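Colleague: This is what each chain is made of:
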Amino acid sequence: MQLVLEKRAERSNTIALVSPLIAIGLTIVTMTILFAILGKNPLLALQAYFIAPLTDGYSLQEIAVKATPLVMIAIGLSLCYLANAWNIGAEGQFLIGAVAGSWIAVKTQGTDAGAWVLPAMLVLAAAAGALYALIPAICKVKFGASEILTSLMLVYVADLLLDYLVRGPWRDPNGFNFPTTAEFDPVATVPLLIEGGRLHLGSIIALLVVAAAAILLGRTIKGFEIRVVGAAPRAARFGGFNANQLIILTFAVSGALAGLAGIIEVAGPVGHLQPGISPGYGFTAIIVAFLGRLNQIGILIAGLFLALTFIGGEQAQIAMKIPLDVTKVFQGILLFYVLACDSLILYRFKLVFPNRQVARGAG
Amino acid sequence: MLDPTPNGLHSGESPLLQTVGLTKRYGDFLANDSIDIDIWPKEIHALLGENGAGKSTLVKAIYGLIQPSAGEIRWQGDRIVLSGPSEARSRGIGMVFQHFSLFDNLTVAENVALGLDGKESFKDMSARLEQVSKTYGLPLDPRREVWQLSVGERQRIEIVRALMQDPKFLILDEPTAVLTPQEADQLFIVLERLKAEGRAILYISHKLEEVKRLCDTATILRGGKKIQTCNPGLETAASLARMMVGGEIKEVKAAAGRQTTIPRLVVNDLSLAPDEAHGVRLEHISFELKGGEILGIAGVAGNGQDELFAALSGERLSKDPGTVVIEGIAAGHLSITKRRKLGAAFVPEERLGHGTAPRMKLSENALLTGHAASGMVNHGFIDTAATLKTVDKATETFDVRKAKRDPEAASLSGGNLQKFIVGREILRNPAVLVVSQPTWGVDAGAAAVIRQALLDLATAGAAVLVTSQDLDELAEIADRIAVMFHGRLSEPLATRDATREKLGLLMGGSSLEPKEAAHAVGA
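Note that the protein sequences, when read in sequence, are chains U and F. Each residue of the first sequence is one higher than the one before, counting from 1 in the UniProt record's numbering. Each residue of the second sequence is one higher than the one before, counting from 1 in the UniProt record's numbering.
Calculated directly from the structure, the hints in this document are not laboratory data. For clarity, every value in this text was computed on a predicted model and none was experimentally measured. Be aware that one or more of the hints could be misleading.
[Stated by the list, open to error] Using C-beta positions, here's what the derived DEER-type ranges look like:
| # | chain 1 | residue 1 | chain 2 | residue 2 | range |
| --- | --- | --- | --- | --- | --- |
| 1 | F | Arg500 | U | Val4 | 44 to 54 Å |
| 2 | U | Phe336 | F | Ser86 | 30 to 40 Å |
| 3 | F | Ser511 | U | Lys142 | 49 to 59 Å |
| 4 | F | Glu145 | U | Gly144 | 47 to 57 Å |
| 5 | U | Lys142 | F | Gln165 | 49 to 59 Å |
| 6 | F | Gly246 | U | Ala211 | 47 to 57 Å |
| 7 | F | Ser86 | U | Val4 | 15 to 25 Å |
| 8 | F | Leu114 | U | Glu6 | 26 to 36 Å |
| 9 | F | Pro139 | U | Phe336 | 53 to 63 Å |
| 10 | F | Leu114 | U | Met153 | 54 to 64 Å |
| 11 | U | Leu5 | F | Leu388 | 25 to 35 Å |
The beta carbon of each residue, even a glycine, is placed where N, CA and C say it ideally should be.
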């Protein structure tokens, strides 16, 4: 008896929906074992991770706040991945967006600049993110350089640029030498949705991005182009679609969304530019994109779920002294299982019994 | 079941190879349903059947590539269970596949060495290779790299590789599909000689005349079942076809009195460098195709047909706009979308992955080529109803059989998918249709539907260009036939003048001198 993977005639839509759930289930089983090895009570740890954050209003708001950048970046990345363009550098585009937007905030600091400041910051951040993403895209199209490597390497360039700016020219003179800009003016800050709460306008923008992506991919010819180029490149060329143009386009859009997420994070929950504004949103968003099956609603749910692991990780650290790095382990294991379970959409397991009839038929 | 070759030779002997109740099941699908076949020494045994009849499954089981679900294989009277192809080879079973497994950048000898299991030195092996190829009249230079060789020569490598293991039983899968008529004749001489040496050959083909001429016995499969074993010499091509299809095949009829009109597709001195390392350079190709006319392009695969298709469709662009003229407009520099807007339509050879996106729905695949000029897109938004309408119309007009209204392209059978693809293009009422291998790997019923559709399209006034390796198909539908060889296109011959001999000479690269041509007409 042996277990084989057998190709399905048609992709299974049921499995496409269930596969992320199987992956989450397997991840939780693995984490339970890991907690036990760490000498923590697995049930309590899981409770701290997944249940506790859902029980108070502050944590719920915090989940939405954390999910906002994840969802915005992941939507952009899903466009790239659907078109077979591998943007791994959203983290860098996020930081560059944050830097570019902050430039306006820093330069208008203390002046009587009006309500145009925040919109200008958003636009500039999106443009900067897009331009930054175009570097690997153009290198790919013109020179055939692997966009995976170039986009990833540019993350560190962006990181160091931000570091230089907040330690040098943009450092807050009254900041006791901490590497940070001054707190942004109110006109340069993303407004809160609830007075005294944490939820801000960025979450609404993220929802609009989800809706726009759903329309783009589901209803428009451009979205169809993106899907065909990724699914069947030669057929796409036969259809008259230019794969290189789409690499440029999807990189630019995903860069813009990452840049936008960057400035919203800085001008919203953080309030000033400083190193460490991102706990790896750009990388976690890769997991969100795949866990959400590159589907917009899926990404929304996956973004909230991954945000839960960030909050849960913090609570588990406080309550049970579980290292924060365990959250990263969790996210890595989750991505592994998601990709593994995806093969079940096109394949199914089958038990094969070696044929015994051969021996019987000898007579 | 009647004994196929009652020539007395078999009495008292056992067959060389026998399958008894051989069955192969894939899920609920019976690819082979209890097949009994006897193959004797000194016999060329044809295996006939349409695509999907179970021929490949049967030979894969005999060659050890797959394990049967039930039933057994007997070799010289003893039951055997083959662990894999290398065991089959060591027992004396050889196979030459339709699709060659050769490395382009290696030499002939290196390729042969890779396929052998033996431990002899490379030098000894090379010497033996030369000797075997000389003995059987299959000349090969062991030091040449494969990419420099013609398709016929590549096939020789595969045959010599199989012969070097001195097989008692050789399986050949559609060996003449890639050969010119003359090359096929040479192959038959080799096969007759192998037979005379006492070897047995299982010969898979769907060319019935060829089978009648060459084979002693024929086993016909249909839908995974053995229909009959017979002596093909005593049958007619029509009776064999009936057994294969299980009924009469609809005759394809051209409308009488078809008029040619204005030139709709003109190619002027088109030359194009290859875009791949071992691609073919197109050289000075010129022809003119009028409305109401079907021009056939014959030739052995890999002589520039794919490159010509890409240049005509606009998947590859030419610097000189005048090289390709569609409906009177210079289009050599225009994209495939713009050429479609001029009224051209294209059907490539590969159905899955080129003509369609396999994992997308038929409606989306209708949009793939229909977005250019079929009113399926409004201000950038897709009109889903219009795409579905195309699917329904193609389904109805061309009898596309499928499990649901809008399935994924990959879930259709080859014939039904090809009917959909051809239908999708014809429903756009093209002025020019360029189609490559329209019935390749398609069952006889679907092939008849497709050929009839091409004829009807020409009758309606379109210009149709058909590239095909099937000379019978071209003879059936084309008005004129030209031959591609090494990236050049011959002068088209009127179909009634295009004998197999003449086409064969052109396919092999000879030119028809006026004298020779006159001689060929006399022949």
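Colleague: Does each hint fit the structure? Answer for all of them.
Modeller: The hints, checked one at a time:
1. Arg500(F) x Val4(U): 44 to 54 Å: For Arg500(F) and Val4(U) the Cβ distance comes to about 47 Å; the hint holds.
2. Phe336(U) x Ser86(F): 30 to 40 Å: Distance hint for Phe336(U), Ser86(F) holds at roughly 36 Å.
3. Ser511(F) x Lys142(U): 49 to 59 Å: For Lys142(U) against Ser511(F), whose Cβ atoms are near 44 Å apart, the range 49 to 59 Å is violated.
4. Glu145(F) x Gly144(U): 47 to 57 Å: Violated, since Glu145(F) and Gly144(U) (Cβ atoms, about 26 Å apart) do not stay within the stated range.
5. Lys142(U) x Gln165(F): 49 to 59 Å: Given a distance of about 50 Å, which is inside 49 to 59 Å, the answer is holds.
6. Gly246(F) x Ala211(U): 47 to 57 Å: holds, 55 Å
7. Ser86(F) x Val4(U): 15 to 25 Å: With a Cβ separation near 21 Å, Ser86(F) and Val4(U) satisfy 15 to 25 Å, so the hint holds.
8. Leu114(F) x Glu6(U): 26 to 36 Å: For Glu6(U) against Leu114(F), whose Cβ atoms are near 30 Å apart, the range 26 to 36 Å holds.
9. Pro139(F) x Phe336(U): 53 to 63 Å: holds, 55 Å
10. Leu114(F) x Met153(U): 54 to 64 Å: Since Leu114(F) and Met153(U) have Cβ atoms about 39 Å apart, the given range 54 to 64 Å is violated.
11. Leu5(U) x Leu388(F): 25 to 35 Å: holds, 33 Å
Hint compliance for this structure: hints 3, 4, 10 are not met, and every other hint is.
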